[in-house]
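Peer 1: Each chain, letter by letter, is given below.
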Amino acid sequence: MQGHHRGKKVLRNSSEVALRSIAVFLMSVFFLLFFAVPIGIAFIGSFHQWNPLKQQFDFLGMRNWNRIFANGLFWHSMKNTFVFAMIAVFFRVILGLILAHVLHSKLIKHKSVYRTLYYLPTITPMVAVAFVWKFIFDPRIGLLNRLLNSDINWLYDGRYALAAMLILTIWKDFGYAVVILLGGLYSLPTECFEAAEIDGANSWQRFTRLTLPLLRPMVLFVIIVSLISYFQAYIPVMVLTQGGPGTQTYLVTYLIYKEAFSKYNFGYASALSFIVFVFIAILTAVTFKISGKNVPF
Amino acid sequence: MKRRLSSISLNIITSIFCIATVLPFVWMLSSSFKSNIEISALEQYFFPRGFTLQNYVNVLAGFDFMRYFINSLVYAFLITVITVYTSTVSGFVLAKYEFRGRELLFSCILMTMMVPGTVTIIPRYSIMQFLGWLDTYKALVLPGAFTAFGIFMMRQACYAIPDEMLEAARIDGANEFYIFHRIVFPLLHNSIITIIIFQFLWAWDDYLWPYLVIRTSSKYLLPIALNLFNGRYSTDYGGLFAATSISIMPVVILYMFFQNQFIEGVSSSSLKG
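In the order they appear, the protein sequences are chains W and H. The numbering of the first sequence is our numbering, which starts it at 158 and goes up by one. The numbering of the second sequence is our numbering, which starts it at 31 and goes up by one.
It is worth saying that the hints were derived from the structure and are not from the lab. One thing to keep in mind: the hints can contain errors.
Said to hold, decoys possible - The calculated lysine-lysine pairs, modelled on DSBU-like cross-linking and capped at a C-alpha distance of 30 angstroms, are:
{"no.": "1", "chain 1": "H", "residue 1": "Lys32", "chain 2": "W", "residue 2": "Lys211"}
{"no.": "2", "chain 1": "W", "residue 1": "Lys420", "chain 2": "H", "residue 2": "Lys32"}
{"no.": "3", "chain 1": "H", "residue 1": "Lys249", "chain 2": "H", "residue 2": "Lys168"}
{"no.": "4", "chain 1": "W", "residue 1": "Lys211", "chain 2": "W", "residue 2": "Lys446"}
{"no.": "5", "chain 1": "W", "residue 1": "Lys268", "chain 2": "H", "residue 2": "Lys32"}
{"no.": "6", "chain 1": "H", "residue 1": "Lys249", "chain 2": "W", "residue 2": "Lys211"}
{"no.": "7", "chain 1": "W", "residue 1": "Lys446", "chain 2": "W", "residue 2": "Lys268"}
As the list claims (entries may be wrong) - Cβ-to-Cβ under 10 angstroms is the rule here; a few derived chain W residues that face chain H:
{"no.": "8", "residue": "Phe188"}
{"no.": "9", "residue": "Leu230"}
{"no.": "10", "residue": "Phe423"}
None of these values were measured; they are calculated from a predicted model. Glycine residues also receive a C-beta, built at the ideal position from the N, C-alpha and C atoms.
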């Protein structure tokens, strides 16, 4: 009976009020204490000389922000981050598309075994896996030089250090894209593909005319998730290169953590973090915009 | 013929990626059973010639790695149990009760997913300092007690539970606490397993926040200890391989058992999101 009155205000009994109040109260406290308040503090702090060790919180006006834009290392880190993120996203999406497409084909057996293995690096802990790769890149004991029969100092040579970080990142993450995109392919109607095959569309045509357009939402999802995470990547830097040689492989999030937790420039680091935030937001918006317009992809 | 050819080439592609994926793990594991002399010898073999467990003995006895392992286990367990409970309660309340501000509250929760963690970590640290919680597990666990991912997932899952079922229980005189714990909670087991898996992995993977908050070395978590070990014994390759294997293998084993839940969990997260 009550079901019919399920409009706005049917307070059933005290237990509903109690359960609801507890949950709403805890969620609100949590949201305020660990989210809204911190963002407020970070924003205000970005206009201050803020050092928690010295109990310092002195108003600076725009000086933190001005210092950032005048800082060569900031621009260098931003450029690195941009290059790093673009290449990593590109490979993650391309490898994801290719392998999902291949695994979707009837010519492959043991699909689930492949999928399981591809996804394995994604679930393993980042710090530990980064150390494994540090050893793989090691010029003395490393596996990579031995396989390539080369003599490259991957982590300490400025020409290769960023590439090394990218290899680790792409290796770790491509499986995620495969799983997501393959899930997308399975959710598509099989009749489309069968019809296309009967109509004589070859594999490439099916890929560009069917798979890509139909998968667009999932591809978009992968791109955005990746952008957000790659703009905050720092563990590859921390474990593999420590930003070196010199400061050549600094990524912007690594710079933030250096400023915040080595130098305790909390105000300066907060201003930096807002710049990263805005940058991610812009890139996400641009991604939506581009993908919304031109139809094939 | 053409079909056969493309079948072969496709299988080659998938196999190459399989090898590339698995090789680092196998190499790590196999090197962890080699002596340091063998690891840095000029002549190299993929599998150990003189099989030894000495590296594991050194790491576990000399560096007390088991303690960090247990710390990580306790932390991951705690945070998983807490988030499963908070996510289901919140998801249930947001899905099944109507009240003023419900949509606003849910939007606020979703907003936490949009803002990068880099922005909030510095002030959070200050808040913990202000509360005097630094160097406690409280500071580790409480900020992660609610997750937008969990609440979002559980809210979706709760929508799938028919209202009539809850109404029937109410007519039978059950109160809401009983309904939630005895009727709703068991119905959500699929989503709960997904949350358990991912939350546990994330906790096992956590680096920066535990690194900042915890000062006393006996309370360190595994990834921090691993980093410490690397800094201190950077030439003990065998030990490093053993330590890394200890950090990675539990996850791999867990994955082998629950691979289907893992894969379904990820796929569904994108279809819903």
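Peer 1: With reference to the structure, classify each hint as holding or not holding.
Peer 2: A quick look at each hint next to the structure:
no. : hint                    : result
1   : Lys32(H) <-> Lys211(W)  : 73 angstroms, violated
2   : Lys420(W) <-> Lys32(H)  : 63 angstroms, violated
3   : Lys249(H) <-> Lys168(H) : 12 angstroms, holds
4   : Lys211(W) <-> Lys446(W) : 46 angstroms, violated
5   : Lys268(W) <-> Lys32(H)  : 21 angstroms, holds
6   : Lys249(H) <-> Lys211(W) : 26 angstroms, holds
7   : Lys446(W) <-> Lys268(W) : 35 angstroms, violated
8   : Phe188                  : 5 angstroms, holds
9   : Leu230                  : 17 angstroms, violated
10  : Phe423                  : 5 angstroms, holds
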